[in-house]
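Turn these sequences into a full structure, and let the hints steer you where they fit.
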Amino acid sequence: MSTKYITYLKTPIGLIKITADDNAVNSVLFVFDDTEMEEENLNLVLTQCKTELAEYFAGKRKAFDVPIHQEGTEFQKKVWNELIKIPYGKTVSYNDLAKALDNVKSIRAVGAANGKNQISIIVPCHRVIGSDGSLTGYAGGLWRKKWLLDHEKEFSGGEKQMEMF
Numbered sequence: 001m002s003t004k005y006i007t008y009l010k011t012p013i014g015l016i017k018i019t020a021d022d023n024a025v026n027s028v029l030f031v032f033d034d035t036e037m038e039e040e041n042l043n044l045v046l047t048q049c050k051t052e053l054a055e056y057f058a059g060k061r062k063a064f065d066v067p068i069h070q071e072g073t074e075f076q077k078k079v080w081n082e083l084i085k086i087p088y089g090k091t092v093s094y095n096d097l098a099k100a101l102d103n104v105k106s107i108r109a110v111g112a113a114n115g116k117n118q119i120s121i122i123v124p125c126h127r128v129i130g131s132d133g134s135l136t137g138y139a140g141g142l143w144r145k146k147w148l149l150d151h152e153k154e155f156s157g158g159e160k161q162m163e164m165f
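Note that our numbering numbers the sequence shown so that position 43 is 43, with each residue one more than the last.
Accuracy of the hints is not assured; some may be wrong.
Using 16 Å as the maximum straight-line C-alpha spacing, the simulated EDC-like pairs for lysine to aspartate or glutamate come out as follows [as the list claims (entries may be wrong)]:
(1) Lys-17 <-> Glu-52
(2) Lys-85 <-> Glu-55
(3) Lys-99 <-> Glu-71
(4) Lys-60 <-> Glu-154
(5) Lys-78 <-> Asp-65
(6) Lys-62 <-> Asp-150
(7) Lys-60 <-> Asp-132
(8) Lys-116 <-> Glu-71
(9) Lys-77 <-> Glu-52
(10) Lys-78 <-> Glu-55
(11) Lys-116 <-> Glu-52
(12) Lys-10 <-> Asp-34
(13) Lys-4 <-> Asp-33
(14) Lys-116 <-> Asp-102
(15) Lys-50 <-> Asp-65
(16) Lys-17 <-> Glu-38
(17) Lys-17 <-> Asp-33
(18) Lys-10 <-> Glu-55
(19) Lys-10 <-> Glu-52
(20) Lys-90 <-> Glu-154
(21) Lys-10 <-> Glu-38
(22) Lys-62 <-> Glu-74
(23) Lys-4 <-> Glu-52
(24) Lys-116 <-> Glu-82
Derived from the structure by calculation, the hints contain no laboratory data.
Since the structure is predicted, the reported quantities are computational estimates derived from the model, not experimental observations.
And the structure:
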């Protein structure tokens, strides 16, 4: 069994916990209760990930090179691979994602797989929106989703998301 490595990164949208094994990042998740923080245990993968995420938040990185791996069903992995293809600063609907998977009837399953993504930001589930352009579910909270989309629009030269509140 490989060692589990853990680190944290302070970002403009809150504290993020990053975990990895010897070879790849396994999760990038928002911390909602900092009293449950674990002791940090860094490796080269986490160091690279922290650097790349810091560059992303500074507007200097639009794609990630750090190796990633998360467990899931074959369908979930297909969805996550499609998420990685969504360009920085762009959004797609759940319907678009289902069409890209050649299964238009799988919209709900696509949404469920999107919600199971454990590698936030790097596997950009925040780039998936409702077919009417509305911001829909995001494990980190809709305000974080809006922030991430606006951040990417700002650094990609695109228009910001419409105000929701």
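Structure-based check of each hint:
no.	hint	in the structure
1	Lys-17 <-> Glu-52	holds, 14 Å
2	Lys-85 <-> Glu-55	violated, 20 Å
3	Lys-99 <-> Glu-71	violated, 23 Å
4	Lys-60 <-> Glu-154	holds, 12 Å
5	Lys-78 <-> Asp-65	violated, 19 Å
6	Lys-62 <-> Asp-150	holds, 13 Å
7	Lys-60 <-> Asp-132	violated, 30 Å
8	Lys-116 <-> Glu-71	holds, 10 Å
9	Lys-77 <-> Glu-52	violated, 22 Å
10	Lys-78 <-> Glu-55	violated, 27 Å
11	Lys-116 <-> Glu-52	violated, 23 Å
12	Lys-10 <-> Asp-34	holds, 11 Å
13	Lys-4 <-> Asp-33	violated, 20 Å
14	Lys-116 <-> Asp-102	violated, 20 Å
15	Lys-50 <-> Asp-65	holds, 12 Å
16	Lys-17 <-> Glu-38	holds, 9 Å
17	Lys-17 <-> Asp-33	holds, 11 Å
18	Lys-10 <-> Glu-55	holds, 13 Å
19	Lys-10 <-> Glu-52	holds, 13 Å
20	Lys-90 <-> Glu-154	holds, 11 Å
21	Lys-10 <-> Glu-38	holds, 15 Å
22	Lys-62 <-> Glu-74	violated, 27 Å
23	Lys-4 <-> Glu-52	violated, 20 Å
24	Lys-116 <-> Glu-82	holds, 14 Å
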